[in-house]
Structure formats: structure tokens, C-alpha cells
Amino acid sequence: MIALVALVVLSPLTGAIAVAARCRARGAGVALVAGAIGSFAGSIALAAGIAGRHLQGIGGFLYVDPLAVFFAITISLVVVLAAFGSAAYLRAEEDRGELSSFQVRLYFVFFSVFASGMLGSFFAGNLGLLWVLIEASTLASAALVGLEAKARSLEAAWKYVIISSFGVTIALLATLWLFYAGSALHLTSDERLTWSYLFAHAHALQPGSLRLAFLLAVVGYGTKVGLAPMHTWLPDAHSEAPSPASAMLSAALLNTGMYAVIRFQAIAKMGLGSAYPDHVLLVFGFVTLFVGVIFMVRRGNFKRLFAYSSIEHMGIVAVALGFGGMLGLYGALLQVLNHAIGKAVLFLSTGHFVLGYKTRESSEVRGALGALPLAGGVLVLASLAVAGSPPFGVFLSELTIVRAGFAGPAPLLAGLFLLLVVVGFIALVGTTLSMATGHGPEEPLDPYPRRSGRILAGLPLVGGLGVLALLGLWIPGELNDLLVHAVRAIS
Amino acid sequence: MQNLSSSSIEGTLVSLSSVVILLAAFACLGSKLFNRYVAYYGFQSVVLSFACAVVAYTYDSAQLWALAVITFAVKGLAIPLATRSLLLRRLELKRDVALSTGLSTSLIIGALLTTFAYLAIRAQDLPHGLVASSVVPLSTAVVLLGALVMVVRRHTVAQLIGWLITENGVFLGAITLVATFPFIVEAGIFLDLVAAVLIMVVFVSGITRRLAEATSTELRELRG
Numbered sequence: 001m002i003a004l005v006a007l008v009v010l011s012p013l014t015g016a017i018a019v020a021a022r023c024r025a026r027g028a029g030v031a032l033v034a035g036a037i038g039s040f041a042g043s044i045a046l047a048a049g050i051a052g053r054h055l056q057g058i059g060g061f062l063y064v065d066p067l068a069v070f071f072a073i074t075i076s077l078v079v080v081l082a083a084f085g086s087a088a089y090l091r092a093e094e095d096r097g098e099l100s101s102f103q104v105r106l107y108f109v110f111f112s113v114f115a116s117g118m119l120g121s122f123f124a125g126n127l128g129l130l131w132v133l134i135e136a137s138t139l140a141s142a143a144l145v146g147l148e149a150k151a152r153s154l155e156a157a158w159k160y161v162i163i164s165s166f167g168v169t170i171a172l173l174a175t176l177w178l179f180y181a182g183s184a185l186h187l188t189s190d191e192r193l194t195w196s197y198l199f200a201h202a203h204a205l206q207p208g209s210l211r212l213a214f215l216l217a218v219v220g221y222g223t224k225v226g227l228a229p230m231h232t233w234l235p236d237a238h239s240e241a242p243s244p245a246s247a248m249l250s251a252a253l254l255n256t257g258m259y260a261v262i263r264f265q266a267i268a269k270m271g272l273g274s275a276y277p278d279h280v281l282l283v284f285g286f287v288t289l290f291v292g293v294i295f296m297v298r299r300g301n302f303k304r305l306f307a308y309s310s311i312e313h314m315g316i317v318a319v320a321l322g323f324g325g326m327l328g329l330y331g332a333l334l335q336v337l338n339h340a341i342g343k344a345v346l347f348l349s350t351g352h353f354v355l356g357y358k359t360r361e362s363s364e365v366r367g368a369l370g371a372l373p374l375a376g377g378v379l380v381l382a383s384l385a386v387a388g389s390p391p392f393g394v395f396l397s398e399l400t401i402v403r404a405g406f407a408g409p410a411p412l413l414a415g416l417f418l419l420l421v422v423v424g425f426i427a428l429v430g431t432t433l434s435m436a437t438g439h440g441p442e443e444p445l446d447p448y449p450r451r452s453g454r455i456l457a458g459l460p461l462v463g464g465l466g467v468l469a470l471l472g473l474w475i476p477g478e479l480n481d482l483l484v485h486a487v488r489a490i491s
Numbered sequence: 492m493q494n495l496s497s498s499s500i501e502g503t504l505v506s507l508s509s510v511v512i513l514l515a516a517f518a519c520l521g522s523k524l525f526n527r528y529v530a531y532y533g534f535q536s537v538v539l540s541f542a543c544a545v546v547a548y549t550y551d552s553a554q555l556w557a558l559a560v561i562t563f564a565v566k567g568l569a570i571p572l573a574t575r576s577l578l579l580r581r582l583e584l585k586r587d588v589a590l591s592t593g594l595s596t597s598l599i600i601g602a603l604l605t606t607f608a609y610l611a612i613r614a615q616d617l618p619h620g621l622v623a624s625s626v627v628p629l630s631t632a633v634v635l636l637g638a639l640v641m642v643v644r645r646h647t648v649a650q651l652i653g654w655l656i657t658e659n660g661v662f663l664g665a666i667t668l669v670a671t672f673p674f675i676v677e678a679g680i681f682l683d684l685v686a687a688v689l690i691m692v693v694f695v696s697g698i699t700r701r702l703a704e705a706t707s708t709e710l711r712e713l714r715g
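Taken in sequence, the protein lines are chains A and B. If you count the first sequence from 1, position 367 lands on 367 in the working numbering, and the numbers rise without skipping. If you count the second sequence from 1, position 158 lands on 649 in the working numbering, and the numbers rise without skipping.
Going by beta-carbon spacing under 10 angstroms, a handful of chain A positions derived as facing chain B:
#  : residue
1  : Asn126
2  : Trp131
3  : Glu135
4  : Thr138
5  : Leu154
6  : Ser165
7  : Ile170
8  : Tyr180
9  : Thr188
10 : Asp190
11 : Leu193
12 : Ser209
13 : Leu212
Hint data in this document are derived by calculation from the structure and do not stem from the laboratory. These figures come from a predicted structure and were not determined experimentally. Just so you know, even glycine gets a beta-carbon here, dropped at the ideal spot from N, CA and C.
Make the full structure from the sequences, and use the hints.
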């Protein structure tokens with residue numbers, strides 16, 4: 001089992017190894033794709049092996065439970081999609097001379113470290129280690145944001161690094177207070193940071209300190225999730241990073257932050273009862289949802305639009321966690337998976353438009369269906385999927401969340417939730433439809449001159465969309481079991 | 492777990508250091524010159540490393556000795572020197588004009604935040620008679636003051652200093668509240684790495700001469 005965890009966590013490093021072996025964009029891209037697929041396969045095998053149990057090792061530093069495996073599957077799937085996209089996008093940029101070969105090498109090294117750090121954080125049983133790994137992956141991702149080293153991308157990188165560094169510091173403070181909350185327990189120092197012990201002894205933690213720790217964790221890790229009002233770095237970073245890196249930020253990094261919040265929430269619920277943690281997450285969730293939707297209404301840069309849509313979805317997940325109960329938590333996890341796939345596809349499709357139309361303004365992209373049939377079609381379908389239209393998975397998970405809301409003590413909140421989601425739907429699909437239709441350029445655009453590039457860039461779009469449609473129609477029994485076990489692991 | 496009592500000599504030394512650290516944060520908030528920011532920050536870090544050494548001596552903890560040495564070497568010497576030579580001199584920064592609120596207003600807000608820190612932390616039932624009960628509210632105040640510096644200053648270098656002050660506040664709280672925290676050295680090294688990255692980002696963008704001339708007030712391209 002430990003070997004499988006090592007496979008999941010370390011496989012994405014193949015990209016960095018290929019760079020060390022002096023490969024160019026093509027070689028590194030292929031190596032990264034292979035590593036990502038290995039990691040995904042490993043996490044599937046882990047899900048089969050763990051089967052609802054949990055496993056602890058290396059002095060509590062390693063902890064594998066269904067929740068961790070679920071997140072590992074989600075993130076490694078995103079890494080697979082983004083690795084395909086990276087292989088195509090970076091090669092096209094290298095061919096066009098937009099990025100030097102040094103920048104390309106940097107990209108692959110940091111992409112690998114970023115992916116590997118995130119996957120590692122899920123299996124960290126020790127909350128101190130969790131903090132270190134999440135922050136290490138954030139540092140690696142900052143390099144991806146500022147990769148192009150233009151004034152705008154440096155500005156975005158600065159904003160990203162300074163705001164998330166502050167979040168880091170607050171998250172450290174949360175970890176310290178949680179550690180302090182356990183000072184009355186008869187445990188060794190390492191055990192007082194180990195999730196399973198904390199979860200088991202949550203009722204014996206000092207309530208005042210635990211409450212402070214939870215609040216600080218929501219703010220600190222919430223900075224990474226993009227919960228409002230700590231979300232301001234997010235649209236800038238997403239719009240300036242290369243498209244596959246945006247996909248990773250949106251579909252993987254935000255969820256990693258959410259994973260940490262879920263772990264803290266589980267302890268807080270055990271120790272304080274569910275009212276306080278639920279209310280905190282409901283407040284943050286609704287504010288985030290509102291901010292995301294309001295800014296989506298404003299048209300402009302389409303990558304910013306998708307970034308605000310990510311903020312909206314993180315708000316949805318936080319609201320679902322706040323609704324709580326079996327249904328709410330199940331919906332939250334399903335939403336994490338569906339949003340991750342949908343948003344990865346959406347950001348990867350923007351790579352086609354950025355390369356083809358050479359702009360990031362939605363008003364300058366017209367007639368995409370004619371000029372770029374595949375990417376244009378995927379753009380429309382994926383935005384419908386992300387916005388929550390049937391038959392895609394997001395519809396199902398949002399429906400589950402609404403049901404959880406109506407089953408809860410405040411059905412009015414579920415109504416408000418529905419209203420905001422509908423506004424978000426109109427804003428998102430309205431913009432992408434206007435990009436897809438209308439008078440486009442006369443001759444078809446050619447974002448990826450090489451045939452291999454077209455295939456590499458097209459595969460994750462079609463594949464991701466297929467998975468998303470499948471999840472909307474049918475949830476495999478194994479996935480359902482995994483989700484149920486994951487919910488049990490935190491309640 | 493052993494605890495530092497506030498009546499012992501060591502406890503008094505740590506208490507005094509924490510007051511000096513708070514004053515340094517206030518001095519930074521009340522200043523307008525870049526080299527003063529750096530000087531106050533360096534001074535604050537040296538005092539922090541002293542407090543850390545006192546705690547390390549009391550508990551006889553190798554981990555905390557390591558943290559004290561790292562704090563002195565990196566935060567007390569390396570970061571201030573690097574900031575001076577790479578940022579202030581190279582980018583010719585002297586007087587900070589990018590303030591969003593006046594100095595006196597920000598000092599008053601700082602005082603309010605310090606009061607708030609006392610009120611917020613008193614509720615956390617810290618054990619009486621221990622040095623933590625007097626230092627942790629102060630360290631929380633330092634965290635908030637650092638955040639305030641980041642909010643009222645718009646220049647990238649000033650925001651960097653604000654973050655560094657916040658970090659000092661976190662470690663001051665850590666060494667008194669949870670001296671046995673197993674990851675304390677790793678966290679220290681890690682945040683120093685983050686600081687290095689931040690300095691590098693400001694430096695690189697300063698070299699391209701785009702971000703340096705602009706304060707973040709003028710960075711208006713990315714919004715909405």
C-alpha cells in the first residue's frame with residue numbers, strides 16, 4: 001500500500017526528471033503525460049485496495065483513508081488532463097518563439113513539483129506536514145503564474161504570492177492553535193498533530209482554542225480555496241498563467257485548499273458540535289458564491305470569467321459543507337470532482353483561443369464554432385456542463401446540494417442558492433455562446449500547427465467532457481462506495 | 492509539558508522582548524522611509540531570536556536553539572541585508588509615498604487592533620501565571636499590525652515588510668504558546684524560503700523596471 005502511495009505522489013515528477021535529462025518540450029511533455037497516467041492508475045488501485053478502511057504508517061505521517069483517496073483520484077485526473085494540455089501548449093509556444101527553452105524547462109519542473117506536492121498533501125496524516133506540502137506546492141505554482149515574465153504576469157504573480165503567503169502564515173497559526181487545543185491530552189507532540197488522534201479525541205480539545213483554530217484555518221486555507229474576501233489573487237493568477245497551468249490552479253489547487261478545510265471542519269464538528277462550523281462555512285460560502293456570480297456578469301477577459309466561475313463553485317462547495325449531513329457532504333465531494341473535470345476542460349480549451357485568436361478578451365473572439373470547431377464545441381458544452389446543465393455531472397451534484405439545503409433547518413437558504421446558481425449560469429453560458437457564434441475570421445485558425453499537437457490538445461477536451469457526461473448519467477458503484485466511505489471518514 | 496512562568500527571570504526576559512517586538516512593529520507602521528522599515532524589521536528579528544534563545548535555554552531544546560540561530564542569521568541579518576542591497580539601493584527607494592491612510596490614522600487603527608487582540612485572546616483560557624498569557628495577546632497584535640502595514644502601504648517592498656512582521660508575530664506566539672510544536676524549525680525554514688521568493692519577485696520585476704516604478708496603486712491593468 002505504501003508503494004502505491006509513493007507511485008501516486010512521485011509519478012508526476014517524471015516531467016522534472018525528463019527536464020534534468022535535457023529533454024525539450026516534446027520529451028518532457030510525453031514524460032509528464034506518462035507520469036500523470038501512472039499516478040491516476042495508482043490512485044484507482046489505491047481506491048480498490050483501501051475499500052473503506054484506513055491505514056496509518058510512518059509514525060502517523062502517512063494516513064490513507066477514503067477521503068484522501070477520493071481527492072487523489074480527482075487531482076490526478078486533473079493532472080492527466082493538464083499534462084496533455086501542457087505537452088501541446090508548451091510545444092506550440094516553443095515553436096512560435098513565445099517562450100524560451102529555459103522557460104519551457106522551468107515550466108515542466110515546477111508543474112511536476114506542483115502536482116506532486118498536492119498529491120502528497122492528501123496522504124499527510126500530520127497536519128504540520130499537510131501545511132508544509134500545501135505551501136510547497138503553492139510556491140511551485142507561483143513560478144507558473146509568473147512564467148511569461150511580462151509586466152502583467154509579474155503583477156499577477158506578486159499579488160498571488162503575497163496574498164497566499166499571508167494565507168500560509170494564518171494557516172500556520174491555525175495549526176499552532178489546534179496543537180495548543182490538545183495540550184491537556186496525554187499524547188506525544190507528534191500525535192497531537194496527527195489527524196486520526198485529533199479526530200478521535202476532538203471532544204477533549206479545549207473548545208475556545210479549537211474554535212479559533214478552525215476560524216483561522218478557514219481564513220488561511222480559504223485564501224488558497226479562493227473564499228471571498230480572500231479571493232482577490234485568483235482572477236489575476238488564472239488569467240495570466242499559461243492555460244494548462246490555469247487548469248491546474250483552478251481544478252487542483254483550490255480543491256487541495258478545500259481538502260484542508262474539510263479536515264479542520266471534521267475536527268471542529270466533533271469537538272464543538274456541528275452548529276458553529278456549519279454556520280461559519282455557510283457565511284463564507286454564500287459571500288463567495290455572491291462575489292463570484294456578481295463578477296461573472298461583467299464581460300471581458302474570458303479566463304477571468306472562468307476564474308470567477310471557479311470562485312462561484314468553491315462557494316457552492318463551502319455552502320454544501322455548511323448544509324452538512326450525509327447529503328450535503330456527499331454533494332460537496334461530488335461537486336469537487338465534477339467541477340474539477342469541467343473546469344480543467346474549460347481552461348484547456350481557452351488554450352486554443354489564446355493561441356488562435358491571440359487575445360484573452362471575450363469580445364474579440366467571435367465565431368469560434370466555425371474557426372475552431374473542436375475547441376468551440378467543447379467551449380459551449382463544457383460551459384453548459386460547468387454551469388450545471390443536465391446531462392452533465394455538475395447538475396447532479398448541485399441537485400444533491402439543493403436537496404441537502406431543503407432538508408436542512410433553513411430551506412430559504414437553498415432557494416437563495418438556486419437563485420445565485422441560475423444567475424451564474426446565464427452569465428457564463430451567455431458569454432461563451434457569444435464567443436462561439438457570430439462572424440468569425442474568414443479562414444480557419446490554426447493554433448497547433450503540428451498534427452501531434454492537435455491530437456495532444458484535443459484528447460483531454462474530448463476525454464474530460466466524456467467523463468463529465470458519464471458522471472451525469474451514471475455514478476459507478478465503486479465511486480459511490482468511495483464517496484460514502486469518504487463522508488463516513490469525516491463524520 | 493514544561494511551561495515558562497511569568498515570575499521567573501526567563502519569563503520576564505521573554506515578556507520584555509515581546510513588548511519590544513510590538514514597539515518595533517508600531518515604529519514600522521509610523522515610519523515613511525524604506526530603510527527605516529528594514530532597520531526596524533531587522534531589530535525586531537534580533538529581539539525575537541533573543542527571546543527564542545531564552546526559551547530554548549529554559550527548555551533545553553535543540554530545536555528551539557536551531558530556530559533561534561536561523562532567526563538571527565536569516566531574519567536578523569540576511570533578509571535586511573538582501574532587501575537593502577537588492578531592493579532599496581538597486582531600485583533607489585527612499586521615501587514611501589504610497590500610503591492609503593495617513594500615519595496618525597494608521598497608528599490609531601494599530602492601537603485599536605492591539606486592544607482587539609487582547610480581547611480576542613483573553614477568551615482562549617490561557618493558563619494564568621504563565622508567560623504565554625501575557626505574550627500571546629502581544630504576538631497576536633504583532634500579526635495584526637503586520638497585516639495593517641500590508642493594507643495601508645501600497646508599495647511592494649512595504650507590503651513585503653508587513654508580511655515579514657506578521658511572520659515574526661506568529662513565531663513569537665509559537666515559542667511561548669507551543670514550544671514543543673514539532674514542525675517549528677521546518678516552518679521557520681519554509682517561511683524563509685517564501686521570503687526569498689518574495690524578494691526575488693520584487694527584484695526581478697524591479698529589474699524589468701515595470702513594477703518598480705509603479706506602486707501597486709498604479710497597477711490597474713488587472714481588476715474586476
